[in-house]
Amino acid sequence: MKIGAALCVLLLSVIAVHAAEIATADRKSGFEFMGRDTQAMQTDDTSNPGMLNVLDGGALWERPEGADKKACASCHGDASQRMKGVAARYPAFDATAGQVVDLGQRINLCRRDHQKAPELAYESRDLLALSAFVARQSRGQPIAIADDARSANALMQGRKLFNERMGQLNLSCAICHDDNWGQKLGGTSIPQGHPNGYPLYRLEWQAMGSLQRRLRNCMIGMRAEPFSYGSSEFIALELFLMQRAQGMAMESPAVRP
Amino acid sequence: MPFKVEGDAIQRSLTGQPGDPTEGRRIVISRQTGLCLLCHSGPFPDERFQGTLAPSLAGAGTRWTLGQLRLRLVDGRRLNPDTIMPSYYVLDGVVRVAPSFAAKTILNAAQIEDVVAFLSTLRD
Numbered sequence: 001m002k003i004g005a006a007l008c009v010l011l012l013s014v015i016a017v018h019a020a021e022i023a024t025a026d027r028k029s030g031f032e033f034m035g036r037d038t039q040a041m042q043t044d045d046t047s048n049p050g051m052l053n054v055l056d057g058g059a060l061w062e063r064p065e066g067a068d069k070k071a072c073a074s075c076h077g078d079a080s081q082r083m084k085g086v087a088a089r090y091p092a093f094d095a096t097a098g099q100v101v102d103l104g105q106r107i108n109l110c111r112r113d114h115q116k117a118p119e120l121a122y123e124s125r126d127l128l129a130l131s132a133f134v135a136r137q138s139r140g141q142p143i144a145i146a147d148d149a150r151s152a153n154a155l156m157q158g159r160k161l162f163n164e165r166m167g168q169l170n171l172s173c174a175i176c177h178d179d180n181w182g183q184k185l186g187g188t189s190i191p192q193g194h195p196n197g198y199p200l201y202r203l204e205w206q207a208m209g210s211l212q213r214r215l216r217n218c219m220i221g222m223r224a225e226p227f228s229y230g231s232s233e234f235i236a237l238e239l240f241l242m243q244r245a246q247g248m249a250m251e252s253p254a255v256r257p
Numbered sequence: 001m002p003f004k005v006e007g008d009a010i011q012r013s014l015t016g017q018p019g020d021p022t023e024g025r026r027i028v029i030s031r032q033t034g035l036c037l038l039c040h041s042g043p044f045p046d047e048r049f050q051g052t053l054a055p056s057l058a059g060a061g062t063r064w065t066l067g068q069l070r071l072r073l074v075d076g077r078r079l080n081p082d083t084i085m086p087s088y089y090v091l092d093g094v095v096r097v098a099p100s101f102a103a104k105t106i107l108n109a110a111q112i113e114d115v116v117a118f119l120s121t122l123r124d
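If you read the sequences in order, they're chains A and B. Position one of the first sequence corresponds to residue 1 (our numbering), numbered consecutively onward. Position one of the second sequence corresponds to residue 1 (our numbering), numbered consecutively onward.
Excised from the complex, chain B in its bound form (with noise of 0.2 Å):
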């Protein structure tokens, strides 16, 4: 799917729909698919195996607008180039990515609006 950069924020959905927060909350949880809880932690009681390389998602519905959060899954190296954090939904700028995961991105555009619609439900 297209998408348009403006400041630092993706205003549109991805989908053209909003996504579902449940979906995006598994996402978030899971340690196959979204891989978020390797490197953050969050409001998730519940889940023992939390990481400590990025900031808190607790409050970041509070802190970015849907279209911040949809940028920075979608290519957070539009905000901080050095970031750690993968770009979520663009292809470019990686090398030797193994055949399996080849050509595709971590999420597909659904994903990633289930995502932000779950993070803009953490409210401090």
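So that you can see chain A by itself, here it is in the shape it has in the complex (with noise of 0.2 Å):
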């Protein structure tokens, strides 16, 4: 009897604590939750404002930078060959920086160890638009982050981080985006929280912007101390939210409200 109302219990809290996550088969992305004015801006080429981001990224890619005076292309030829499937894969382990990585700090390895050119720097103009240029080769390729022992950490971090309360209002992610997606916070529908569009052309903001943008506004509106561009915490939280919606399709440049 005992054990039984234990095994109760046991069971009950791990309902309470796995009951909120999404079930593959109702992961909805971001665009789904939006207007059709909007949904259109994204899908129609010609009227994407991200896509003026990816032709200067294109632009980028064949330019030769730096000390050896080698382009991205040099290296990798035909982005459009080469680089399919790659933003998808991203955030991962890299061998060389002995740590996960996102699309952008991949970027600037090629830039500091294969053209010895400067760093760029996070929400620079280059910086979003060779990643949307890169991840534009993505577009309609599912999330395929890899099983890799080497970022088991990382992909429990950020799992964690998604989970905890933070802010003065606090609050955690998953409050909001595994167990209210679909209601409306104030006039806002509160989308499901998938990655699989940045960088990606937002109306409020005017511009192109990383998924760190995004989520460092999200921190702000819990009041809570957003984590830095590039720290380890948003690169947990990016692989976190990338493997929560490991199979959907990439959609950057995405445009989103």
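Any given hint might turn out to be false.
Claimed, not checked - Here are some, though not all, of the chain A residues that point toward chain B, as calculated from beta-carbon distances under 10 Å: (1) 22; (2) 31; (3) 180; (4) 224.
Treat the hints as calculated values from the structure; they're not laboratory data. In this text, a Cβ means the ideal position worked out from N, Cα and C, and glycines have one as well.
Assembly of the complex is requested from the two constituent chains, each provided in isolation within its own frame, with the hints serving as guidance.
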């Protein structure tokens, strides 16, 4: 009897922790929470403002840079072939860096090691353009985060951060994006919080922005101190979000309200 | 201000004075101060953007006494440890608060009393 009761409690607490995670079949891109006009803006390349950045990125891809006067294309060639599906695999463990890096950091590693060019800052025009250009080559490809033991700690940390309450309002990512997606926060529909469209053009920003910029916005809303750009916390959160969206189609450059 | 929880309520006004319901209404609908309508809806026909994460505030004054409303605002975790409603008048149990809000409660004692006074006017 006692054991039965204890088991019940155990089961209940397991359910309480996991019931909230979104079932694979119920996952929806942020795209599905937008109005028709914004959707049309994203799907038509001629009206998608993010495509301007992709064009800029394409030019940067071909441009020789740094002491070695090499372009990305010098090593990688035709991006439409060689970069297809790449953005869908990041963040990933990088052996040279000895840590999990996101796409922007991977681009900067190439600049440092192969082009002998200075790092591009987070949210700089050029890094967003190159990231958008690379990510564009994965449009429609399924997110495919590798099952890699070397990323396991970062993944665990990301999951923990996603579920942890923080900030003056004492909210967690999971409270909004697992438990209350589809509800209205003030006038705004709460999406499931998937990372499949980044970098993207946000109408509210009137600009392109990275996933980390979006996460900073959510943290500011929680009245929490945002993690800094490129921090291990943000990389871990990005990795967890991508893992959580495993198999969903990439949309970059997406448009969001 | 110290306060005393008795059962599911805080009987005494935090300021020793009754609050001002007009000011309370202003706080409740404000997106910067009260933030209530991020989650709640209520009898505010002019407010276009109301939340759906929490029960409507309509009738709150019929369902709850002043003391019950006061505890709900001060620290709802005492009533439901898993609540997503922020504790508006206690500092403990929060981490990584943005520097501009650190060591501050979301509302001050007078604002809590104003909101309590306003909620008690919300009758079905």
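Each hint tested on the structure:
1. Evaluation of the residue 22 of chain A hint against chain B yields a violated restraint, the C-beta minimum of about 17 Å exceeding 10 Å.
2. Of the supplied interface hints, the one on residue 31 of chain A is violated, with its beta-carbon coming no nearer than about 21 Å to a beta-carbon of chain B, more than 10 Å.
3. With 10 Å as the threshold, the beta carbon of residue 180 of chain A comes within range of chain B, its nearest partner Cβ sitting at about 5 Å, so the hint holds.
4. Annotation: residue 224 of chain A was flagged as interfacial toward chain B, and the flag holds, the nearest CB pair being 5 Å apart, inside 10 Å.
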